[in-house]
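Once you've looked at the hints, go ahead and assemble the two chains, each given alone in its own frame, into the complex.
Take a look at the letters that make up each chain.
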Amino acid sequence: MRRYGKTLCRFWGVSVAAEMEYRANFVISCLTTVLTLGGALFTVGLLFQNGHTPGGYSWPAALTVLGVYTLLDGLQQTLLAPNRAALTEHVRSGTLDFVLLKPMHAQFWLSLRRFSPWGLTDVAGGLALVAYAGWCLGVSPRAALTGGVAVLLGGVILYAVGFLLATLTIWFVKLYNITIAMSALLEAGRYPIQAYPAVYRAFFTAVLPVAFMTSVPAAALRGEAGVWWLVGLAAVSGATFGASCLFWRFALRFYTSASS
Amino acid sequence: MRAVVVEKLSKTYRVADKTPGLRGAVRHLVRRRHRVVPAVREISFSIEPGEVVGFLGANGAGKTTVMKMLTGLVHPTSGTVRVVGHEPRRRRAALLRQITLVMGNKQQLVWDLPAGDTLRLNAAIYGIPDAEARRRTDALCGALGLGRDQELTQPVRKLSLGQRMKCELVAALLHHPKVLFLDEPTLGLDVNAQTAVRDFVRRYNAEHGASVLLTSHYMADITALCDRVIVIHRGRLHFDGRLDELAARFAPERQVRVELADPADAGVLSAYGAVEKVEGRAATLRVARDDVPGAVNRLLSRHRVVDLTVADAPIDEVVEKLFADADADASADAERTA
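Protein chains in written order, with the numbering used here: chain A, 1 to 260; chain B, 1001 to 1338.
Bound conformation, chain B alone (with noise of 0.2 Å):
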């Protein structure tokens, strides 16, 4: 059974209209207008047990809403959702069992109160046997590098943001749910407690076959634990396949970074292709997929190279670039319609 599947998901708001202002916010009391927003249009795609998909997409894009539709938080306006077998909307316990969701921007641990006693809290809900509660806190703390005897014990707000979200993980995680919906788990981390969420969510996929489901805006996040991403802009789904297919797709051109014995010349470069960066004996040029073979042959051949990197170009210009085609196939939409 796959574990998630989604077919043509819409989901409208109706939201208000105030003019900013007193005047506005006198017409706002008195005779409200709203509008419709199509927060998510359309979208399909299906994920399998113990897969890893990035979920990619500007802000307001809709992935929220996305995975606010998939953990049943948010009724879908058409279109179906299956989790592990289960419509999300009805909230049976069967599939809360086997789900969570971490949101990098709230928090379910009690402010006032150790770590530690949200955890006990979830293991009555979840009806997890105190000792089997305690064995699953012990390997989580571990894998995350939390001490028992330390974080769990002082109260959450005396916790940096690190290890904050390190207890939110090993809160979401105690019943060990088979499908994760992760919305910016490492949002406003610094870079090693990044590399720690990130360690973690591979470690716990391995060891347990769960199926995640990741947004971030921190690319990073995604090259290191996603093969496929799937990504949506204006609530429209533009993309869904390997990483490497969508680098090729959405970049065409591929970073040639040359460093050579003697000083670099722009002039000179520009016959490999375009240049890009020069800095004193460095320079970046940006090479056609199909020509980069031809193009490293010709600089190697006629300049004395000490060190040469081709790389796809960084995954955060490509989703940029993504967006951008897609505004600019809209705005032509828009013109052949006006």
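In isolation and in its complexed conformation, chain A is listed as follows (with noise of 0.2 Å):
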């Protein structure tokens, strides 16, 4: 474990060192994340006009969808997809080779080798948006802690989901559009589940999990999940991190190697 932690460490050293190279990238990270957010903010505001409350939601209450949506998104951008672009470059150029050769489980260098601080902006206003929207709610601190650890678990099917897809550029090579669809798929979890028609609520939740990245632990947040949704959250949680790893092993049995 020791080993592992300090390996995590000069992964993200060396991947901070790399991205200080270019330093504009910090402003213009903070300029979208302002300006998503501010967008973000009118649209759900659109909703609440003239006393409007879709699904029941109270404005505060929609802030912690969006809240726990911006903080996901940050993840995403901070590590996920940058892991999972690197993974396609790794199989395309065959510098796999390198990261199979490793003593080390070649998924968590996969997954959490390349870390861009940038994405750290989206995770702040998260926060910040999540913490304003608690303190308008008066949520108890058993709620809060309840509701991150959902959050953290709603972080872990958003993952496995985004490996599971990375995982098929061992066969196709050229998937560089994953990001772009994962980022459509989160993008559902921006508001509410219940301000989607019954279809739509249903498909989000059975099919893809959408509900349980964001609708489910905001509602764990603001005290309100019921123990089933806990208990849905925490074994789609699992069946998906499950899935990820076991498609992965499955996967390299098919690896080729880039040819030299």
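In short, the hints are calculated from the structure, not lab data.
Here the structure is a predicted model, which is why all the values come from computation and not from measurement.
Each residue gets a CB set at the ideal place from its N, CA and C atoms; glycine is no exception.
Don't take each hint at face value.
Cβ pair distances, simulated, as ranges [as the list claims (entries may be wrong)]:
#1 A:F108 with B:E1132: 44 to 50 Å
#2 B:R1157 with A:F108: 24 to 30 Å
#3 B:P1155 with A:R3: 58 to 64 Å
#4 B:D1112 with A:V27: 15 to 21 Å
#5 A:L152 with B:T1080: 18 to 24 Å
#6 B:K1008 with A:G148: 38 to 44 Å
#7 B:D1138 with A:F108: 44 to 50 Å
#8 A:I28 with B:P1155: 18 to 24 Å
#9 B:V1310 with A:K6: 40 to 46 Å
#10 B:R1092 with A:V27: 46 to 52 Å
#11 A:C245 with B:D1112: 26 to 32 Å
#12 B:H1208 with A:A234: 20 to 26 Å
#13 A:E89 with B:D1244: 43 to 49 Å
#14 B:D1199 with A:R249: 55 to 61 Å
Only pairs whose alpha carbons sit at most 16 Å apart, straight line, appear in this in silico EDC-like list of lysine to aspartate or glutamate [said to hold, decoys possible]:
#15 B:K1178 with B:E1207
#16 B:K1106 with A:E89
#17 B:K1008 with B:E1051
#18 B:K1277 with B:D1265
#19 B:K1008 with B:E1207
#20 A:K6 with B:D1130
See the structure below:
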């Protein structure tokens, strides 16, 4: 474990050092976060015009969903998307060989090797939004703790679905659109799941687990999630993570390594 | 325990068959056709601890596929592989800590950062304490003529090809592996860098008793480092033995280079062997191995000889002849079958 911890520190140290070569990215990233968050707040605000309460949600309750979405989007930009892109690039160029030759769990390496600090502005924005909404709603410390764990589990689902899709690169090599697909998937979780028609709600719960990524953790934060929703969240999180591990091991049997 | 044991190893690839042009591309998109290509066919060999073995073959002969199966990157279709007692495809840490793979056309160094950062990363991955990693880095850099405060502190993209390959070697050997798989480590390097890499591999082998399997298209690498060579062609093993046996078997003639005091005459010299080249007073003859002593005696007694050397045919010519013979045998077999 200590070796993995030290390696992770060096992974991220090297990534941050590489990113620091491009300072303009930081300014652009801050600007993007402010504009995106502002745009999202405006859109959610429109839903509440003239006293409407979509799906029975109050304004601060909707902000918890938007906050969790922004937080997960930050996670996606900081860790998930850079590592998915790196996996595709490793397979295309054949440098996955070097990863597989190291005495380290390859999935650990391929999931955490890259760290892009520019996504942290979204993480900070999301946390601020969640904290503000929680303060407005008077959330109890216990609900905040349960909500924190639920957000983590939602993050695991987002990671696992993305890694499952990225693993397909072993067969199809060029899968640069995975990041766009994953962003679109998460985008559906930007608004409360109750705001969607019934068919969409069922689809985003049972087929694509978007509801488990944002709406359920947000409900847990508000202390409104039932036990069975939390059990479902833990089960979906465990199942998708397990599936991503098994699928990766299966895929490696078909890895042919780019030719020299 | 032997470092590498390979028995009846085979690998087939399923590759897409695509006709060139737009029509072919559309057809390929709608209905893919595949064919099975045998890359490696039932080859067997073993490598002892400390042995340096040259692995020869033309492009596409299957050398890299074998290397990848030996390192566990590619799973064999059939046959068995053992490297220091482990089955590589299982990727056990106990094996991965003892092997390394260096590829002339791929790099593990982080492009935008100094090589020193990759070395620190590798030290953490292999669990090498910082002080020990520094000591090993110094030793490896010293042997390769790299400056710890020069090449290791510059972004990799700013290094020359030769410096990059030297840094790659340091990164690949920091954990002191016992088995080295070197796939064209001198590819594209200038003569000085090639010599430095060769000397370094020889020294590492001597100091650590490491086994080395080396592929290279530069025969100078093979002749400088390897006593034993394995030759594969079209996935089949065609020769496994000492380098001098290879020359004796596939080049039954030796080269006699002679410089005379008087201008050489091809007609006169043809009495001693096949005249390959005549340039002024110098000539090169090809003489059957058994006839060399007699031919040299006659040359020395009948002509005023200034200089005379006898050598085997260049190894690349020998290998070329081996491939040509193998192709001719394969064609003959195909005709007989037809």
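Right, here's what the structure says about each hint:
{"no.": "1", "hint": "A:F108 with B:E1132: 44 to 50 Å", "result": "24 Å, violated"}
{"no.": "2", "hint": "B:R1157 with A:F108: 24 to 30 Å", "result": "27 Å, holds"}
{"no.": "3", "hint": "B:P1155 with A:R3: 58 to 64 Å", "result": "27 Å, violated"}
{"no.": "4", "hint": "B:D1112 with A:V27: 15 to 21 Å", "result": "20 Å, holds"}
{"no.": "5", "hint": "A:L152 with B:T1080: 18 to 24 Å", "result": "44 Å, violated"}
{"no.": "6", "hint": "B:K1008 with A:G148: 38 to 44 Å", "result": "57 Å, violated"}
{"no.": "7", "hint": "B:D1138 with A:F108: 44 to 50 Å", "result": "30 Å, violated"}
{"no.": "8", "hint": "A:I28 with B:P1155: 18 to 24 Å", "result": "23 Å, holds"}
{"no.": "9", "hint": "B:V1310 with A:K6: 40 to 46 Å", "result": "60 Å, violated"}
{"no.": "10", "hint": "B:R1092 with A:V27: 46 to 52 Å", "result": "47 Å, holds"}
{"no.": "11", "hint": "A:C245 with B:D1112: 26 to 32 Å", "result": "31 Å, holds"}
{"no.": "12", "hint": "B:H1208 with A:A234: 20 to 26 Å", "result": "50 Å, violated"}
{"no.": "13", "hint": "A:E89 with B:D1244: 43 to 49 Å", "result": "45 Å, holds"}
{"no.": "14", "hint": "B:D1199 with A:R249: 55 to 61 Å", "result": "41 Å, violated"}
{"no.": "15", "hint": "B:K1178 with B:E1207", "result": "11 Å, holds"}
{"no.": "16", "hint": "B:K1106 with A:E89", "result": "13 Å, holds"}
{"no.": "17", "hint": "B:K1008 with B:E1051", "result": "21 Å, violated"}
{"no.": "18", "hint": "B:K1277 with B:D1265", "result": "11 Å, holds"}
{"no.": "19", "hint": "B:K1008 with B:E1207", "result": "32 Å, violated"}
{"no.": "20", "hint": "A:K6 with B:D1130", "result": "11 Å, holds"}
Violated hints, in rising order: 1, 3, 5, 6, 7, 9, 12, 14, 17, 19; the structure is consistent with all others.
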